[in-house]
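**Student:** Heads up: the protein sequence lines correspond to chains A and B, in order.
Take the first sequence: its position 274, counted from the start at 1, is 274 in the numbering used here, and no numbers get skipped.
Take the second sequence: its position 259, counted from the start at 1, is 259 in the numbering used here, and no numbers get skipped.
Calculated from the structure, these hints are not laboratory results.
Some hints could be false.
Said to hold, decoys possible - Here are the simulated DSS-like cross-link-like pairs (lysine-lysine), alpha carbons at most 25 Å apart as the crow flies:
#1 Lys129/A - Lys16/B
#2 Lys16/B - Lys111/A
#3 Lys16/B - Lys128/A
#4 Lys29/A - Lys78/A
#5 Lys247/A - Lys16/A
#6 Lys129/A - Lys119/A
#7 Lys16/A - Lys78/A
#8 Lys128/A - Lys29/A
#9 Lys247/A - Lys14/A
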Amino acid sequence: MSVISISNLQFAYKRKHPILRQLSMEVPKGSIYGFLGANGAGKSTTIRNILGLLKPQAGAIQVLGHEVATAGSELYRKVGSLIESPSYYSHLTGEEHLRISSHYLGRNARKNIGGILEKVGLVAARHKKVGQYSTGMKQRLGLGMALIHDPELLLLDEPTNGLDPTGIREIRQIIQALQQEGKTILLSSHLLSEVERIVTHLGILRDGKMVFEGSLETLAQEGIFQPQLEVETSDAAALVAALPELKVLQQSEGRLQLAIADRSQVPALIRRLAATGIDLFACRVLTSDLEKSFLHLTEEEQRK
Amino acid sequence: MNQSFHLLLAEWTKLKRSPALYLSGAVVLFLIAFLAFVHSMDVQSLSELDANPWERYLNRGIISYSVFVLSAFVVLFTGAVLHLEQRANAWKYLYTLPVGRGGFYFAKLFAILLVLFAMGLLLVGGLWLSGQWLHLFFPEFELNFYRPHWRDAFEMMAHSFLAILGVLGIQYFLGHVFRQFIAPMAIGTISILLGFIVAVGDKKMALFVPYAYSAIVQDYQMFRFTHRQEFDGWWLNNIECYSLGVFLFFVLLGHWYERRRNVH
């Protein structure tokens with residue numbers, strides 16, 4: 001079951017410059033959905049459309065069974081969000097921020113202030129003015145404000161932006177704990193390395209279009225890169241001359257990269273290479289990895 | 001009803017300890033202190049025999065407030081209140097809460113109105129306290145021999161409150177359209193100056209310039225205790241009616257604009 005379902009979404013700030021182009025995506029219930037893309041790919045715009053902050057020119061967005069275009073307050077009671085940097089009033093304390101949110105969100109949220117401060121690790125700093133908070137503390141406060149009404153769905157737009165490694169780890173731990181509580185989390189980032197340890201599903205956006213949607217395993221294995229056999233040899237040119245049927249992807253003085261369909265071809269190919277009598281020092285299979293696949297998907301447009 | 005109360009509590013939490021709220025208190029206190037200081041400096045010419053000194057003292061305070069302070073204060077205060085949200089980049093968070101854009105829009109407006117109303121009360125109360133203080137040092141004012149006409153004083157405040165609503169409506173609208181502090185502030189300041197010029201040049205024309213209302217309001221007898229005989233059965237005078245019309249028009253326009261706006 002999808003918690004967020006988007007079909008053919010189109011959005012442009014200016015008519016001739018579309019930001020989102022026929023975007024479709026499905027976020028499964030209970031998942032941590034990594035929403036990735038380079039800066040400017042349209043991640044924040046998509047999230048703002050999901051939250052009803054922007055009005056799309058075409059397409060449909062369903063969140064928790066509600067059409068966003070016509071949804072009332074009922075939907076927003078089930079959704080929490082943190083969009084880019086958190087919104088904060090520097091003259092107020094962390095606790096006052098949560099109190100303001102709780103005034104908007106009802107009685108349960110008002111009872112929840114202490115618990116949330118504990119959850120995001122701000123009990124000791126609850127009476128400190130937010131203007132004096134560190135970036136990480138502000139980010140945790142933003143997360144607390146998004147969580148105070150115990151939402152089913154959490155939309156986090158680059159929540160680790162500007163954080164040091166400790167801060168990133170803390171946010172990551174909170175997100176994982178939230179998933180274990182049964183919440184669905186959409187987490188956007190432009191860095192795969194920041195989310196790959198925690199996401200269960202992935203959507204990769206490029207230039208306003210979804211170029212990949214699936215699990216991490218699918219991304220790594222689906223052959224975004226053709227598998228290759230890398231050979232270290234004493235004479236690459238002689239090897240190519242001896243076996244002209246080889247599909248050479250890259251050639252340098254002592255190194256060859258050969259295209260292969262899959263790993264099953266490797267033993268026979270090595271036997272044929274050895275039979276030429278040319279010295280072979282090493283052979284290794286290169287399969288696509290997550291990072292390469294991600295870069296391949298997000299940078300293809302720039303290479304064109 | 002309960003939700004409206006909590007929306008107002010949220011607005012109050014944001015306002016307390018904010019420069020906007022300090023500004024409103026400071027403006028009133030400064031005005032009272034200034035008036036008391038002027039009276040203490042020129043006791044002989046300002047005291048009058050056999051006339052209720054409270055009438056004169058309160059009248060001067062409220063006129064000074066309405067004519068010289070109120071328009072500029074409303075321009076500054078409305079901008080400062082909206083600037084709290086803009087500086088916090090809060091719209092993108094607020095509009096994802098189960099309140100609705102209209103809820104925030106009207107709660108904030110109502111909070112501004114309440115502060116403005118409270119300022120009026122503070123001014124009248126402060127003037128009374130400063131009058132007591134003046135009496136201690138300058139009994140020749142005879143402030144202790146008479147009682148203030150509270151009803152008249154509060155009616156005067158109510159008139160000036162209604163007359164400024166037009167400016168408030170326009171500034172509130174501009175604050176939402178420009179989403180920054182400087183532009184609405186600049187427009188407001190220039191408009192106040194233009195309002196004075198129009199008011200001096202052509203008072204009938206000034207009726208159509210809300211920013212001039214504070215300058216022409218005396219011509220409509222608002223600040224005379226006999227004003228009720230001057231109007232034709234209407235408690236509201238022309239200025240107040242126009243002011244209310246402008247207020248309603250711009251508040252509704254702003255609401256319409258805000259509901260349709262894309263929040264970047």
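**Student:** Any hints from earlier that this structure breaks? Give me their numbers in increasing order, please.
**Tutor:** Result: hints 5, 7, 8, 9 break, sorted rising.
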